[in-house]
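Chemist: We have chain A; now place chain D onto it with these hints.
Residue numbers (our numbering), protein chains in the order written: chain A, 1 to 206; chain D, 1 to 206.
Wrong hints could be hidden among the right ones.
[Said to hold, decoys possible] Here are some of the chain A residues that sit facing chain D, going by a computed Cβ distance under 7 Å:
1) 55
2) 59
3) 160
4) 182
5) 184
6) 185
7) 190
It should be emphasised that the hints constitute simulated quantities derived from the structure, not laboratory data. C-beta atoms are modelled at their ideal positions from N, C-alpha and C, and glycine is treated no differently.
2 protein chains.
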Amino acid sequence: MANRGMLIVLSGPSGVGKGTVRQAMLKDKPQDFKYSVSMTTRKMRPGEVDGVDYFFRTKAEFESEIANDGMLEFAKYVDNYYGTPLKYVNDTLAQGVDVFLEIEVNGAMQVREKCPDGVFIFLTPPDLMALRDRIVKRGTDDEATIAKRLNKAREEIKMMQNYDYAVVNDKVDLAVKRIEKIIESEHLRVPRVIDNYKKMIGAVKK
Amino acid sequence: MANRGMLIVLSGPSGVGKGTVRQAMLKDKPQDFKYSVSMTTRKMRPGEVDGVDYFFRTKAEFESEIANDGMLEFAKYVDNYYGTPLKYVNDTLAQGVDVFLEIEVNGAMQVREKCPDGVFIFLTPPDLMALRDRIVKRGTDDEATIAKRLNKAREEIKMMQNYDYAVVNDKVDLAVKRIEKIIESEHLRVPRVIDNYKKMIGAVKK
Numbered sequence: 001m002a003n004r005g006m007l008i009v010l011s012g013p014s015g016v017g018k019g020t021v022r023q024a025m026l027k028d029k030p031q032d033f034k035y036s037v038s039m040t041t042r043k044m045r046p047g048e049v050d051g052v053d054y055f056f057r058t059k060a061e062f063e064s065e066i067a068n069d070g071m072l073e074f075a076k077y078v079d080n081y082y083g084t085p086l087k088y089v090n091d092t093l094a095q096g097v098d099v100f101l102e103i104e105v106n107g108a109m110q111v112r113e114k115c116p117d118g119v120f121i122f123l124t125p126p127d128l129m130a131l132r133d134r135i136v137k138r139g140t141d142d143e144a145t146i147a148k149r150l151n152k153a154r155e156e157i158k159m160m161q162n163y164d165y166a167v168v169n170d171k172v173d174l175a176v177k178r179i180e181k182i183i184e185s186e187h188l189r190v191p192r193v194i195d196n197y198k199k200m201i202g203a204v205k206k
Numbered sequence: 001m002a003n004r005g006m007l008i009v010l011s012g013p014s015g016v017g018k019g020t021v022r023q024a025m026l027k028d029k030p031q032d033f034k035y036s037v038s039m040t041t042r043k044m045r046p047g048e049v050d051g052v053d054y055f056f057r058t059k060a061e062f063e064s065e066i067a068n069d070g071m072l073e074f075a076k077y078v079d080n081y082y083g084t085p086l087k088y089v090n091d092t093l094a095q096g097v098d099v100f101l102e103i104e105v106n107g108a109m110q111v112r113e114k115c116p117d118g119v120f121i122f123l124t125p126p127d128l129m130a131l132r133d134r135i136v137k138r139g140t141d142d143e144a145t146i147a148k149r150l151n152k153a154r155e156e157i158k159m160m161q162n163y164d165y166a167v168v169n170d171k172v173d174l175a176v177k178r179i180e181k182i183i184e185s186e187h188l189r190v191p192r193v194i195d196n197y198k199k200m201i202g203a204v205k206k
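Just chain A, with the same shape it has in the complex (with noise of 0.2 Å):
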């Protein structure tokens, strides 16, 4: 049964915490799917190892990449490129097995057009969720800080609509828990296994 595999892109508003999640995700057991390293045009920072935090590239071949369309998404940031590469997601889940993007929302808005069977899957702060308990106990914010927050609030929410799952991080161990049981099922939704058992069928018929 060869099946393509499943995409999962974990996604969020920027300083929620997705790579802590993601590095968690790939440590907490052996997992059955392979993360896709993304690449970058930023300079390596002392420790980073090419090919395992990123992709490390010039601006000149990541810009020969887009021009190829080998990249699966992409976006500019302070002058510096960040991408998903397309052709291993693709071989990855041409083989069955499912593949795994930790990514900026923009990219991951990139990703539901082209891949709109994935598992889209967006991680909130917990101060959205606190926000009910923040207001009640007003007083201890001021108007500035709480209107503020409330237009936050508002632009998480709007992104949140564009996605399957929203997972709170309140507690990084909780939010891979979360992500695992959406990812076990997810891979027992009907349209994911139907063919599996049709192709049984088709295989036998005489």
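Modeler: Structure of chain D alone, referenced to chain A:
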């Protein structure tokens, strides 16, 4: 956050072990959902308790419920009615509590029409999964047995298409764990949670 509860429907072909899985789910640990007891006109068997195993009613009482639109779903098997009273389901969901139904496939399709946002889980017989192996090792089954099994499998796959998830009942405790993961992860789906977030923001708008 008194959101409406989630309706969870477990169904599957007759003989697949729905009742056993349901009983194991109710025993497994304190559940966050309420089990909706079915109503029937069949005779009470030794050891059964009215209101626990079934609501035991006369044919006239059951038909009066049907006439008053009091049933979420019902069917007649071997001259007896079986069905799900609507009021308990509605009241419990309105309290924000999940409701778990374990019903026949015909009933599940009636519920699907009325509650499209329910979670519909199809329990599949393990031999549907093992079909491939059995065919490979032919000779052990005669032609007629294989043909019969294939027809049954085709019917089961046809039914499965109307469900959200397919869970193999290879071992009861494994099936229970899969269903519990589905329930947990369905609670993280954006369409189910986003109103909570919106309410938090709306509640504090000035």
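Chemist: Decide, hint by hint, whether the structure agrees.
Modeler: Here is what the structure says about each hint:
no.: 1; hint: 55; verdict: violated (31 Å)
no.: 2; hint: 59; verdict: violated (36 Å)
no.: 3; hint: 160; verdict: holds (6 Å)
no.: 4; hint: 182; verdict: holds (5 Å)
no.: 5; hint: 184; verdict: holds (5 Å)
no.: 6; hint: 185; verdict: holds (4 Å)
no.: 7; hint: 190; verdict: holds (5 Å)
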